[in-house]
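A.B. asks: Given next are the chains, with one letter for each unit.
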Amino acid sequence: MYLSDIIEAKNILKGRFNIIHAGTGFGKTYWCSKNAAKTLGIKNSEIIFVTSRTLIVDQQNSMNNDFLKIKSDFDTKYFRQWGENQLNDIDNKKIPIMTYNRFFSIIKNSYNSNGKIFKNIKCIILDECHAMLVDNFIKEMSAINIFVKDNINNFLFIGLTATPEPFEDEDNLEANGFNINYPIEEKLVKNKANELMMVYDNSLSYMITNCFKNGKTIIMCKTISDCRMLQDRIPHSKVLCSKENKGYDKETMDIIRNCIIEYKKLPEDCHVLITTNTSREGIGFIEESNIQNVVLYGCSDIISVMQFMGRLRYNFDRLVICEKNWIPNFKKNIKGFKAKSTNDCKKLFVSNSDSWFASIMHVLNIANIGDIKFPKIPYHIISFTEYINKKWLAPPSQAGFNKAYIIYKKEDRSEILKIACTYRLLGLPKSKMSFNKVIKYMRAGLGYTVDDIKYKTFRGKYVRDHNEDIRNQEINRINNI
Amino acid sequence: MKKEANKDFLDDDGENTYLIFASGDPRPRFMDFLEENYFKSAPLDDDGEYIINLDEKTVPVMLKEAYRLQVFGSDFKNYTIENLIQFLEVFMNSYNAEKESEGE
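Chain order of the listed sequences is A and B. Residues 6 to 486 (my numbering) are what the first sequence spells out, left to right. Residues 800 to 903 (my numbering) are what the second sequence spells out, left to right.
Among the hints, erroneous ones may be present.
[As the list claims (entries may be wrong)] BS3-like cross-link-like pairs, simulated, lysine-lysine; straight-line CA separation at most 25 Å: (1) B/K863 - A/K218; (2) A/K378 - A/K197; (3) A/K270 - B/K876; (4) A/K99 - A/K15.
Treat the hints as calculated values from the structure; they're not laboratory data.
This is chain A alone, in the form it adopts within the complex (with noise of 0.2 Å):
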């Protein structure tokens, strides 16, 4: 089911605020780019899509070929069309896309030139709408929901979104006055988490590492700091934040970014992805990508987590919760808790209106509280499972891989037992540990995989054969695989 198939034109009414609700896989935005038009009887150049995160814009407009992306607030072009004169063909196929800062600067230029603003405009598209009650950060979107109200007979508003919940927040009061229109009334839901797991945030390592067997995982941290410091922790992991942070790193960010926009997947040596809330909308991964393990660091708001978890539009392994602090509490107050920012998701932990978790139920593949996973694992197998995985552990892509991470030397094997014996690892006295011991230890109980004979055993040799056919060949056979 897409949403193409569903939406009815009779359903979106012009004075109204139009809220589409449908999670990540409906459709939404190519029911705007192909059909929207045809279902509104208007030309494409007279909708506008604002979109909330410039990585969207670059997607679809790479991607799209019915968007076209508007570059600057003075994109002269689209000025004259939407002040006076007429567009060219070409043009006039294309819906115009930018971001909410973007569409706010062109509002406040208008104004100031007393010019009538968006004359040839109909319909106004705002993508991810509850960026406009949830992205504190973005000062001009007050400014926007204003205008929003205040010209909500002179154009058709839409918004897309899988969490409306926030325009239903009386306790909001830029919530108030949006007139809200739902035109479809069944909650469209694609992708589901089949475990959800609350994690402590000193283990939130070793279970990446030693206990998510499957796929690739992605996080989501509320600063760059947060991310910087979990890339510390967590071995041979990226991090990808905005373009716009000072924290922006061009040589290793871009080719994660463009990766994701051209390929909606993870680059091949990327298995675990640290990013802020830059990722957590409107960019999306598919199956191929692999990613099995969707984190929220710090930021269990319900907005995040649907939104995040809305990345993949397929089911996955499982969801996962980390808090810094305060989890231990998470168990016992787990009905009381409902979040709706991140700022005040502690204090809502403790409050006693609806579940946090009766409001994610939905897109999870669990049925009750009771099968929510709480793992706890020990202090001296962090700390020792940190140290192996900081300094032995063998990085996912054969480029990052030297020498170093091999254990061949005897100083080397004397040093895993020290620290081994350090943190009691097996709970032994020094006299019964061995080096033999801890290897076994480290395969059976913390789910490492330890190879230990290659490099003794095969110390072979290889011709290649020169024939210039087998390239093809092979590349024909893997084809017909």
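Model the placement of chain B on the given structure of chain A, informed by the hints.
C.D. replies: Structure of chain B alone, referenced to chain A:
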């Protein structure tokens, strides 16, 4: 990878050498596959070293298994003979006999 460099990896007191992989890493399984199907039964040359022939018969089978295990990721384009050779060099302690003889 040169022969001399390889000797660095060998343990001098008869004990095993170790390499640690994260849970779910497909590479040890691929190493087991190579060991079981090629290295164990590889013929010895005059120097007493194993010879693994990479030819039109062995390469597609190795790459097919690598792809099944997703050793080089999900992108089919990564399953090239170059990556396979690199894997053999890095993880199976092999080196290209032809390259070495060219050097000499």
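A.B. asks: Next step is simple, just say for each hint if it's right about the structure.
C.D. replies: Hints, verified against the model:
no. : hint            : result
1   : B/K863 - A/K218 : holds, 22 Å
2   : A/K378 - A/K197 : holds, 16 Å
3   : A/K270 - B/K876 : holds, 14 Å
4   : A/K99 - A/K15   : holds, 24 Å
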